[in-house]
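> Take a look at the letters that make up each chain.
Protein chains: 2
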Amino acid sequence: MTDVTQEFKFLDGVKVVDFTQFEAGTTCTEVLAWFGAEVVKIENPGRGDPSRRLRPGKPDDDPWYFRQFNANKKSIAINLKSPKGLEIVKELLKKADITAENMAPGTIERLGLDYESVKKINPRILYCRVKGFAGGSPHEKGLAFDMIAQAAGGPISVTGWPDKPPVKPGLSFGDTGTGMLMAATILGALHERNRTGQGRLLEIAMQDAMVHYMRTCFATMMRTGKPAQRRGAKPSAGNNAPAGLFPAKGGGPNDYLYITTSRANPEHWTRLMKLIGREDLIEDPRFATGDVRVQNSEELDGIIGEWTSKHDKRDAMEKLIAIGVPAGAVFDTMELQNEPTFEARGFMQHVKHHNGEDKMATWPVRVDGKSVRLKGAPALGQHTEEVLGGWLGLAAADIAALRNDGVF
Amino acid sequence: MTDVTQEFKFLDGVKVVDFTQFEAGTTCTEVLAWFGAEVVKIENPGRGDPSRRLRPGKPDDDPWYFRQFNANKKSIAINLKSPKGLEIVKELLKKADITAENMAPGTIERLGLDYESVKKINPRILYCRVKGFAGGSPHEKGLAFDMIAQAAGGPISVTGWPDKPPVKPGLSFGDTGTGMLMAATILGALHERNRTGQGRLLEIAMQDAMVHYMRTCFATMMRTGKPAQRRGAKPSAGNNAPAGLFPAKGGGPNDYLYITTSRANPEHWTRLMKLIGREDLIEDPRFATGDVRVQNSEELDGIIGEWTSKHDKRDAMEKLIAIGVPAGAVFDTMELQNEPTFEARGFMQHVKHHNGEDKMATWPVRVDGKSVRLKGAPALGQHTEEVLGGWLGLAAADIAALRNDGVF
Chain A
1 MTDVTQEFKF LDGVKVVDFT QFEAGTTCTE VLAWFGAEVV KIENPGRGDP SRRLRPGKPD
61 DDPWYFRQFN ANKKSIAINL KSPKGLEIVK ELLKKADITA ENMAPGTIER LGLDYESVKK
121 INPRILYCRV KGFAGGSPHE KGLAFDMIAQ AAGGPISVTG WPDKPPVKPG LSFGDTGTGM
181 LMAATILGAL HERNRTGQGR LLEIAMQDAM VHYMRTCFAT MMRTGKPAQR RGAKPSAGNN
241 APAGLFPAKG GGPNDYLYIT TSRANPEHWT RLMKLIGRED LIEDPRFATG DVRVQNSEEL
301 DGIIGEWTSK HDKRDAMEKL IAIGVPAGAV FDTMELQNEP TFEARGFMQH VKHHNGEDKM
361 ATWPVRVDGK SVRLKGAPAL GQHTEEVLGG WLGLAAADIA ALRNDGVF
Chain B
1 MTDVTQEFKF LDGVKVVDFT QFEAGTTCTE VLAWFGAEVV KIENPGRGDP SRRLRPGKPD
61 DDPWYFRQFN ANKKSIAINL KSPKGLEIVK ELLKKADITA ENMAPGTIER LGLDYESVKK
121 INPRILYCRV KGFAGGSPHE KGLAFDMIAQ AAGGPISVTG WPDKPPVKPG LSFGDTGTGM
181 LMAATILGAL HERNRTGQGR LLEIAMQDAM VHYMRTCFAT MMRTGKPAQR RGAKPSAGNN
241 APAGLFPAKG GGPNDYLYIT TSRANPEHWT RLMKLIGRED LIEDPRFATG DVRVQNSEEL
301 DGIIGEWTSK HDKRDAMEKL IAIGVPAGAV FDTMELQNEP TFEARGFMQH VKHHNGEDKM
361 ATWPVRVDGK SVRLKGAPAL GQHTEEVLGG WLGLAAADIA ALRNDGVF
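In order, the protein sequence lines correspond to chains A and B.
Under this note's numbering, the first residue of the first sequence is numbered 1, with each subsequent residue one higher.
Under this note's numbering, the first residue of the second sequence is numbered 1, with each subsequent residue one higher.
Incorrect hints may have been included.
The list cannot tell twin chains apart, which means a pair is met if one copy fits it or any two copies do.
Stated by the list, open to error - In silico DSS-like cross-links for lysine-lysine, where the CA-CA straight-line distance does not exceed 27 Å:
id	residue 1	residue 2
1	K310	K141
2	K81	K141
3	K94	K164
4	K226	K249
5	K94	K120
6	K9	K95
7	K375	K226
8	K310	K164
In case anyone wonders, no lab produced these hints; they're calculated from the structure.
Just chain A, with the same shape it has in the complex (with noise of 0.2 Å):
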């Protein structure tokens, strides 16, 4: 069987210094790790990454949370708040060429390894910072978590039901969603740096992240001159129909299945018409243009609602998809990772840690037709010797001397 999955070995040889946490940093320099960067999480003696405990007062865990987030990097536990600790971290950010920190307003700062303080020592260095909000916005010093950010990004103003309050989008995309553009501005920010040998500050905001996630709903604005709205689960653009959830058989939680037809595309909607057996209305007058289609927009819906719900999800989805009809079964977490191509094309793997051993995802990009080969996430402190040997060349007895003096 040939192996689906490969090292990537795009930044062979860069050196990350990582302070991140939880996970709008945690999941940017997972990324770079992905990619062959040497990844080394800056971690308290303690505790750790907060995210390594998600259950305040029990044992450390390392949850799924946390190795999820923190797959193919390195770790050293070390007491910045003692002066050869700190010490020993900035001779390593000597060596980087990155580093990145999204904790709260004021703490970089507070430690002395503010933007300014580290260029010193190392110029060629791309300093990261995540805030939920810019420096300049009136919210400047506000704390920010994922659904922070999506209430004040937009991305809550436009989900849920009209005429009912808000929901959340159940997924921390607030999260991700920032760590992804911090990444790419990082991996393009590299090619600058490797030419010039000029470091340079890259913030981002939560919020200004959102934003630009938000930019359908912006254009929808402006052709509609008011606020994008909610509908439910119709497309933001409120323009198109056939298009929304249906019911499928089975009447569980998730039993419904997205069609949606483009009016760029006519064929999709006469395709539809053949398959539930409709023909008839294909021209009639309800339902002949793609106008009087979102006029009629509910009966019509209730019209292949009742086709739909005779059909198990899957098996309606294949046959939308083989007349060339755009159809989506809506999935659940146990049902993707149940999926079983997943794993045998290497997206889902199972990977080894130092606590056991899961199936998660890896980059969802595909090089060459092979996935990001997972390794575990680190025990806290897990390479603390290796890095320091590698990086500084500190000898055993060196560190060993430094960890009486409660340095690690």
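Given the structure of chain A, go ahead and fit chain B onto it with the hints provided.
Chain B in isolation, oriented as in the chain A frame:
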């Protein structure tokens, strides 16, 4: 006044032949353009990128939707079905570092511009494909739009109210979210290509991209043993309170405020109770620990809502930020469009296109305190002469003759 914008030169000299359309592909290549690459859209002389014309039957008008996703790019209008047109595009591909497409499955192959063919004429090229479903998926022939990806990749399953049908997250991160992952991969792979001279095939499926953004929901499933649920406006993990949307004064559709308190920081809880004048509840047995706050969250939400409903959402947000409690008002697209500090710090810019002027958002990462300067989106075929002259050395007379032959 200092200019808060700048041209980014990360990709100085990098050439991109861009076959993308609509959103998942165009957002990807726009990042390359913003980072300084020369990105040339290859468009059909008749109608161009279909997103130039979202009102079929009406004249092209290059709406906001098109302009937002194609800023800083160039456009060639060329007939790929004429042998001469195809030959010219192949000459452009020979000079390119990167090419990208997100057409329906099979389309690029029918044009004879599939990876194997392009690799033969340019083995150094990074060839990028965006599809709805991956090769090897049972759905690999499926057409994809944003909402299909959000159904089949999980986001819809976790969005909405429990015990109700799901809703679609209102924004199009099925498209833009996919584009960003491909952009990061291109920028990473280019480092390797610059070192090795060896091109690569990069492929992403929108379904897989959605799984990438769903990972926190997978973590919740791993903790609970059940598929991640819909939780209305509550955070997806479900193990933290108080956290959620609270009504603000005004009663408008977006007069809401997200407040969250982190278990990892018990101060959030005490600060919040002090602010709303309910110190008495801090040690109340119904609310004294994280666990009981989760159990009694409905009662607690009512108490907090009494306070928030007396305050404007912005005032409440600022009061909460001032005492160090994570909070975000729900802003709609109009409020964000009119947020003055977005413009003051260069995140939103006035940009002239051939057919008008907009105030729109640029790339959200600031570099050394400055944002990417926006240039207008191109008119269809605006740069045909410029690019064919610059890349291939074609003279004006050659181009005129080809135009007579119907190539452009």
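> Need the list of violated hint numbers for this structure, in ascending order.
Number 3 - this is the single hint that the structure violates.
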